[in-house]
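> Using the sequences and the hints given, assemble the complete structure.
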Amino acid sequence: MQTEPNPGLFKRNAPIAGEADAIERAKKGDPDAFARLYALHKRRVYTLCLRMLGNVSEAEDMTQEAFLHLFRKLDSFRGESAFSTWLHRLTVNLVLMHLRKKGLQLVSLEETINPSEEDAPKRDFGARDTQLSGSVDRVTLERAVAMLPPGYRMVFVLHDVEGFEHNEIATMLECSTGNSKSQLHKARLRLRELLRDPQNLQPENRLMEASR
Amino acid sequence: MKDLASINLDTMTPAEFEEYLPELFEASGGSISSDPRFANFFRQHANCAALVRDLETIAEQAKSLFEPMGDPSDAVWSNIASKLKDENAGNDEDR
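Those protein sequence lines, which keep their order, are chains A and B.
According to my numbering, the first sequence is numbered sequentially starting from 11.
According to my numbering, the second sequence is numbered sequentially starting from 19.
Do not rely on the hints blindly, as some may be mistaken.
Said to hold, decoys possible - Partial list, computed: chain A residues near chain B (C-beta under 7 Å): (1) Leu142; (2) Lys191; (3) His195.
Stated by the list, open to error - 25 Å max Cα-Cα, derived DSS-like pairs, lysine-lysine: (4) Lys38/A with Lys101/B; (5) Lys37/A with Lys112/A; (6) Lys112/A with Lys38/A; (7) Lys52/A with Lys83/A; (8) Lys101/B with Lys37/A; (9) Lys52/A with Lys37/A; (10) Lys103/B with Lys37/A; (11) Lys103/B with Lys52/A; (12) Lys81/B with Lys111/A; (13) Lys111/A with Lys37/A; (14) Lys103/B with Lys38/A; (15) Lys101/B with Lys52/A; (16) Lys81/B with Lys112/A; (17) Lys101/B with Lys112/A; (18) Lys38/A with Lys52/A; (19) Lys111/A with Lys101/B; (20) Lys83/A with Lys111/A; (21) Lys81/B with Lys83/A.
Don't read these hints as lab results, they were simulated from the structure.
We put the beta carbon where it would ideally sit given N, CA and C, even for glycine.
Okay, here's the thing in structure tokens:
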């Protein structure tokens, strides 16, 4: 079967007005220019950290680390990709390094790259045919994403939210491209299960799910 | 992961379809439900059609999560500024 070439992921990292100038000035050591880069990108970097870590305090620490790292590495930015893509990749790598350094999270990440049967979404063709109502609101989806096992959540956030390609995710997570595709699919199936039954998203269930 | 070249839409079962789905999503850029090649299969397998529509909805809505959730506290920038000041002071002393 022939398939059309992938038209590419959504382009959400368009250059921001004043960014290129701020990058060049920050490279020369202008502190105001670096403050400008922070102001332009702090919310997205923080949001990315928060989604990956699920914890405000850790997300703030990693946001801080990401910008300190940015300051030290800014000279190596050559403009081959959008600055925000480069910065987000740098952030993801720092967060993953942080998780790997923390033994517990490392185990948890590997487990969900190859999750247990308990965590895996169920196959239910021919069973319930309840389907999602036309759309899913952002807040509900955000809650469901927070309930995903860490490995599923990581791949879903990196691919469907951040727009990274599977080969990039595979490099970052040190897994195969096929594994990344498969994990993404399982993450979406798990989200479908969670979203089809709103009871799943009640606070008591979220706590139970998070503790698994 | 299944090779898309081996798909036979006339004989494919729902279980086989699910095995192809991760690759199909990737190859189609996320819009399988509007692909006319699958129209007949989806007519015969309503649950597969519903599954695909749901997964497309989830993937589409995920894009809205790219928008930031909130700001880090002011302490984050204070810490960054303070550390950069210390680093710069250290660099000046080294010169």
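> Next, verify each hint and record whether it holds.
Now for the hints, and whether the structure bears them out:
{"no.": "1", "hint": "Leu142", "in the structure": "holds (5 Å)"}
{"no.": "2", "hint": "Lys191", "in the structure": "holds (4 Å)"}
{"no.": "3", "hint": "His195", "in the structure": "holds (4 Å)"}
{"no.": "4", "hint": "Lys38/A with Lys101/B", "in the structure": "holds (18 Å)"}
{"no.": "5", "hint": "Lys37/A with Lys112/A", "in the structure": "violated (32 Å)"}
{"no.": "6", "hint": "Lys112/A with Lys38/A", "in the structure": "violated (35 Å)"}
{"no.": "7", "hint": "Lys52/A with Lys83/A", "in the structure": "holds (17 Å)"}
{"no.": "8", "hint": "Lys101/B with Lys37/A", "in the structure": "holds (17 Å)"}
{"no.": "9", "hint": "Lys52/A with Lys37/A", "in the structure": "holds (18 Å)"}
{"no.": "10", "hint": "Lys103/B with Lys37/A", "in the structure": "holds (16 Å)"}
{"no.": "11", "hint": "Lys103/B with Lys52/A", "in the structure": "holds (19 Å)"}
{"no.": "12", "hint": "Lys81/B with Lys111/A", "in the structure": "violated (30 Å)"}
{"no.": "13", "hint": "Lys111/A with Lys37/A", "in the structure": "violated (30 Å)"}
{"no.": "14", "hint": "Lys103/B with Lys38/A", "in the structure": "holds (15 Å)"}
{"no.": "15", "hint": "Lys101/B with Lys52/A", "in the structure": "holds (17 Å)"}
{"no.": "16", "hint": "Lys81/B with Lys112/A", "in the structure": "violated (30 Å)"}
{"no.": "17", "hint": "Lys101/B with Lys112/A", "in the structure": "holds (24 Å)"}
{"no.": "18", "hint": "Lys38/A with Lys52/A", "in the structure": "holds (21 Å)"}
{"no.": "19", "hint": "Lys111/A with Lys101/B", "in the structure": "holds (22 Å)"}
{"no.": "20", "hint": "Lys83/A with Lys111/A", "in the structure": "holds (21 Å)"}
{"no.": "21", "hint": "Lys81/B with Lys83/A", "in the structure": "violated (29 Å)"}
Consistency note: the structure conflicts with the earlier hints numbered 5, 6, 12, 13, 16, 21.
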